[in-house]
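Both chains are given apart, each in its own frame, so use the hints to dock them into the complex.
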Amino acid sequence: MSVTGSVRSAQAPLIDVRDLERTFDVRRRVDGGRRRVRDSVLAVHDLTFSVQAGEMVGYIGPNGAGKSTTIKMLTGILVPTGGHVSVAGLDPSRDRVELARRIGVVFGQRSTLWWDLPLRDSFDLLQKMYRISPARYRDNLGRFVELLDLGDQLDTPVRQLSLGQRMRGDITAALLHDPEVLYLDEPTIGLDVVSKGRLREFLRALNDERGTTLLLTTHDLQDIEALCDRVIVIDHGTSVYDGPLAGLHVEGGSSRTLVVDLVDEAPPVEVPGATVRRVEGPRQWLSFPADASAAPIVAAVAASYDVADLSIQEPDIEDVIRELYSRGAPEPLG
Amino acid sequence: MAEAGAALHLRSYFQIAWLWIRAAWQYPTSFVLLALGNGLITGLDFVGLWIMFAHLDDLKGFTLHEVALLYGSASLALAVADTAIGSVERIGTYIRTGRLDQMLTKPVPLLVQVCADQFTLRRLGRLTQAAVVFGWACTYVDWTPLRVLVAVSMLLSGGLVFFGLFVGFSCVQFWTTDATEFANAFTYGGATVTQYPLNIFPREVLVGLTFVIPVAFVNWYPCLYLLGRSDPAGMPEAFQFASPLAGVLTMAAALLVWRSGVRHYTSTGS
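As given, the protein sequences belong to chains A and B, one line each in that order.
Counting in UniProt numbering, the first sequence runs without a single skipped number right up to 334 at its last residue.
Counting in UniProt numbering, the second sequence runs without a single skipped number right up to 270 at its last residue.
For reference, chain B alone in the conformation it holds in the complex (with noise of 0.2 Å):
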């Protein structure tokens, strides 16, 4: 019955995305200008760390491969996570809008029908450019099944948890509208932070990283497993496996934070 349910939500989220895509595809010109201009800054942004390491040999001992790794995997889920829900940032202005009203008015789940409102895909230069590096990355790894496994599940869970960085940090908005650029800096500003070796913070960052805004299990501790490497600050061996139960926990949180937005929304019409 939940799952009848899940796979027909899914239905409808695909229903309305192919919507706005066709909507997008109404100015083809400025479609693609957008993806290219996408493409290019985040190119633009790994090349920033291609430069890093023209002048060092290693990053707190990681190589150029290795850092590649991690900043495409993270950038691989963060990517994915925006494109498929980026508009749920936009909850604010739905509301100022009144079109949250017009959606409440809908037979599909408020969630489904936000994120996919306005769905583009704009940031398929990101995703392309995201591909790319973890792919040329993945040519360096050691590979075993056990690895192959964990690089999946490394990439679904960092979507989950992405997932839910940006529903719950933009439920703040149910409470106070245009919060945007606070949940910006937990979600863009995790998904930067996990693009470097975590070592190279203090051991309070990482431990925040891991419990509080759990991106260190996007890619971090999996990757560290990819390379076969120890844990440079002693965290439990466990951790390198625990990405998919980070993810499911992230979202169920955001779920519950997202479920009582939305009570605090209909019971104070705001």
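Just chain A, with the same shape it has in the complex (with noise of 0.2 Å):
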């Protein structure tokens, strides 16, 4: 009984939402003006999904998807009005102030820390807002500002620090208390690329490290290629995509493509599988799904023309979510 009940607690998400849904209520006016309706606009909708603990998830989704509003009801910021949704086994709205000490947030573009404040008091404001016992606070707090270098910002108001270097104060003060869950709105938005390297080396360590369970939401897709294992699309408040980044391909439909330098120019390659997209002198653009295999083509083609040259092109990812977009249709996927 004890065994059974441990290994199911063991194996429930840190994050379930089953068919979570949210409308608006949205005032319009009609006959230019004159008159006021009330629409109800549903952000998100039939939305299921669920994170295990320690895993890295991206969310991503066009602007106005229902990203923010899913992030909102998980934090307890926004009572859903339809479905489930529990973290770390408590209802977010119903236990907000419980909850906020087991998760972390950080908004992209807006600074939870104190303007003009050297980063050293925000971070001790909050070591007894979240009740940190000393020790714990020394440690983090060693740590984090090892790992994030900002030992020389510690006493400098937040107002003169650059934007990377508030971006890592205001994550240091979302783990200074060990959160289960780390949401990330937008965390790379506006930092030079050297910024956002080390950013997510430190995100990718505290994975590593602490199991911290990540949420990331945004529009950068290099941080989902180098972060997260899987990735929850969604548009028009429902989910359209959920599973590893690879699998994006697939049901995006995507193709990849096989690049072939010819000897002498010849007329489109025929081999089974490929498509010929282009021509140009003797370089040739073959194009075949994303999930097949690139070696029976290869050999095809070698086996059949003199090739000075052979390389092959990954599909753009971002191509693949404009594809899953522009269709929109949410339908169900397995």
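Honestly, the hints are just simulated from the structure, not real lab data.
The structure displayed is predicted, hence computed values, not measured ones.
A couple of the hints might just be wrong.
Stated by the list, open to error - Some chain B residues judged to face chain A by a derived CB distance under 7 Å, without partners named:
no.	residue
1	GLN15
2	ALA23
3	GLN26
4	THR266
Glycine included, C-beta positions come from ideal geometry on N, C-alpha and C.
Next up, the structure:
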């Protein structure tokens, strides 16, 4: 009994979302502004997913797809109008204050730090708010400051920090209390390439070492490629894809491209499983499904033609996602 | 359990407030100038009354000392409430800038965070001025032990009444943001009214200030007792001791409105 109980609890997802729904009432003017009608807008509907402890999940979608609405329901800022949501076994909107101790939230464009005060003072206040024990606080602060290279900035007022430094400060602020889940909303927005790289490295290490679960919304697909094994794509308020990043290609019907440089110009090559998209002198572009193996195609080309060089182009993930968005239709996915 | 919770909230409040005091001290000159300016403006306020009395012997039967007692006690209660929780007026701004969302992700009750946010001692000027006027007026009161008790409870209850009015009316912003002026009409408006003997107003106004926006309990009724006067409007004598009840009721009502405001916010996401 106790064994099965503990097994079940070990497997219970940290974040559990089922048939989640959120509508907003929007007042709209009609008849040239003379009449106002109430419209109900579905911001999120039929949303179901779960996240196990320790996962790093990318949550992506176009503007207005329902990403922030979902995050707000997961943090308890917004009450769902339907369905079920639980995080760490708690109902976010009902147990908001209790849940706050167990999660960390970073809004990329809004700082939680106190503008006129040195970073250190903001951190000290958070220690008190979250009632972090002095020893744990000292440990965590020391570690994050070292990993995020904030040592020189601790005594600088936040208003004098660069965007990258401020973001690292915000992330430290969200992690001092050892949250089980970290929600990151556009964490790399506006950062330069070096800062982005360092931040991703840090998040990966955090997940490796502490098993912190990460849910990341972003427009930067490199964030996803660098960090997330799994992506959830949301569009028009519901999930249109949930699975490994690589699988997006299959789902998006994307294709890989085999670039063949022949020794001489030739008519379009004919091999099974691939079609020629473009011919330019001796160079030809053959496309084949992303989930198919390149080997038989390469072998077939090499067997029938004089090949000078071969290369394979992976599909552009952004194109794939654009394709998914444009389809839009919320077809249920296994 | 509940008491432990309250003590904890109070501690969180002071921790946040202390941070803001230190933040303000980053610009010491500006801090001092603002405090001085604030003191000067409120100081002139009382000078206005003084000048009025240079031309009048009394205001509907109240002498300058007696009016000073009314003025000082109301100002003191208002200044304490304003200093402690004045930033609750800014809910609308917090909503618009998304700051409220951030506060909702912290493990401290929202009201504590909102009240302590941007805590400022700028109103120290008003506080000092009110204390001086009140102290001066007190020297003319014929003190008895019960009067001391009523005076102390008057100041505490007055603070509670204003606390309730500030919080309660600020909640309007949960439904329609940017209604600070509307709230000010009741809070600061109420405070201005109580600086005068309330018998200068028609009886209907007094009834409104007793039962609707209970600022009459901030100073008028208890001061009548302190001054040993019978109520010129003929209200029950018990009202002179009812300030704590009014304070607690106002605050309880405000907390209920606050809760439904927060619930409205989290269920509309506006």
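Quick check: which numbered hints come out false for this structure? none
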